[in-house]
Structure formats: structure tokens, C-alpha cells
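Residues per chain are reported as follows:
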Amino acid sequence: MRFQGLAARRLSTQGTVHLMLRNRVSYTLDSTLETVNNAEETAGRVATEAGFDDEEVMKISMAVREAAVNAVLHGNAYDPNKKVILAFERTQNDLVITVRDQGKGLDASKIPDPLAPENLMKTSGRGIFLIRSFMDVVEIHPSHSGTEFKMIKHVRGSADSKEASQ
Amino acid sequence: MTMKSSTRQVDGVTIVDLSGRITLGEGSVILRDTVRDLLSKGHKKILLNLGDVTYIDSSGIGELVSAYTTSKNQGGELKLLNLTKKVHDLLQITKLYTVFDVKDDEANAVKAFNK
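These protein sequence lines are chains L and V, in that order. The numbering of the first sequence is this note's numbering, which starts it at 1 and goes up by one. The numbering of the second sequence is this note's numbering, which starts it at 1001 and goes up by one.
The hints are simulated quantities; they were obtained by calculation from the structure and are not laboratory data. Predicted model, so just to flag it, every value in this text is computed and none were measured. Be aware that one or more of the hints could be misleading.
Pairwise CB distance ranges (calculated) [what the hints assert, rightly or not]:
1) 1072/V with 23/L: 49 to 57 Å
2) 116/L with 1077/V: 22 to 30 Å
3) 1002/V with 23/L: 31 to 39 Å
4) 1108/V with 79/L: 43 to 51 Å
All residues carry an ideal CB built from backbone N, CA and C; glycine is no exception.
With the hints as constraints, model all of the structure from the sequences given.
Take a look at the structure:
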């Protein structure tokens, strides 16, 4: 509960905290650059309080930043009428983070591989690659009403985490 | 912490000392404007000192790529100096580490530019 309280207080001035249950907190945020920075900062706090080390905290906060960038820029296209919904859930073995926009829906299959030689020198297109690199499980759920990124990081030492790494 | 940028000249090479975060928004814009301004003034040997860069996101990586290609396309050279572990690791996983000319010693980096 402690991590939720701190994180919630931090972001509540920037958006609406619309759900704060025992192990879950979610926010409705504007489609602004400030949301991107706040989402990253809050993810860092939540991850720290969930017990991740500095390097893992950096990876988690960066993945959330990239997902928020995707939601604000590519999903909602800075539309003031569209919101970004950010949620953190601490389960027994995982930290589960979702970032959802209200855009047209992302077709992840059409995103070029940023490591392909012909794409290496492109100036964009690395965000989703970084999210996949930094999180243990990444699911992208597009629909006509928006795209949801579900990102999972296993808490080190948990039974599932050990099984997953084998 | 927002990004700060300052430039100095050493043996015909412009060293850009960057500090803070190169991220979407102000950080990326400052880097872009700095490099474009140098190239427009004929400073075509550019060494980006990233020793005090604490954080970089995909937008910042894109801006480094843009700075590199823009310099090259205008007949210039751009090298990177003093990567932190975070930036080093990011360039490794994005396969850009071998694309950039990365140096860890300022004097040697300056000498490495074509005279």
C-alpha cells in the first residue's frame, strides 16, 4: 500500500486518480508531454517501492515513458479530448503496468524492425523495441477505440519469476 | 533536470558538452538546434561529450542519429565522447554503438578528426 499512496499523491495533481484498490492504482491523464514525464517518474517510484533494484527501476520507468510517448503522440496525437489511462498493479509475483490511449488503434505488425540494416539510421521507431527489451512480458492490444500496452516485470525471487527464467 | 549545452573549440574541433536528459521535448530540441547551428556556421568537426548525460530516450537516440547523418550529409564529422553506462547500453541494444565513432578520451578524440 505504501508505494501506491506515494505514487498516487504525486500524479493526482496532474490527472484523475479514478481507482485505487489494495494492489492497484490507475490514473486518467491528459495527452501532454507533462503526462509522459509524470508517468515515467511515477513508474520509477512504484518500481522502487516494489523492491526492484536501480537498474530494473530504470528499465521499467523507461518502458513506461516510451509507452506514454506512444499513447500521447501516436495514439491520441496530443488531442486534448483524448486521455491516457495509466495503471499499476502489484500481484504476488509481478508488477503489471498498462498504458491505454484513445486513438485509432496501433497495428504493431506494421512497425518496422529498428535493428534491420535498412532501418538502423532512421530517427524514430525504437520505442516499442525498447519496451520489449526492458520488460519481461509485453502485450499490445489494439482496438478501434485505442491501444493498450500491458507490460509485466517479474518480481525477482518469486516462484513464477524463477520458472520463467529457466 | 533539463538538458544544458555549451560549446568550446579545441584544435579546430567543436566540443559540445551536454548535461542532463536528452528526451522528447526540450532535450532533443536543444541537441538538434545546437548541431544545426554549428553546421550552418561552418563548424563541421563536432564532438558530442555525453559524459554528464543522465538519461536518454528513443527520441534522444533518434536525435543522435539525426545529428550524425546531418553532419555527414553536410561534409562534416560527428563523434561521441564519454558515454555513460546507460547510454552505452542503449546504443548497444539498438545496434548503433558500432555506427557511431565513440571515444573515451578527449585528446585522442580531437586528434581522430580528419585534419
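Original post:
What hint numbers does the structure not satisfy?
Top reply: Going through the list in order, the structure violates no hint and respects every one.
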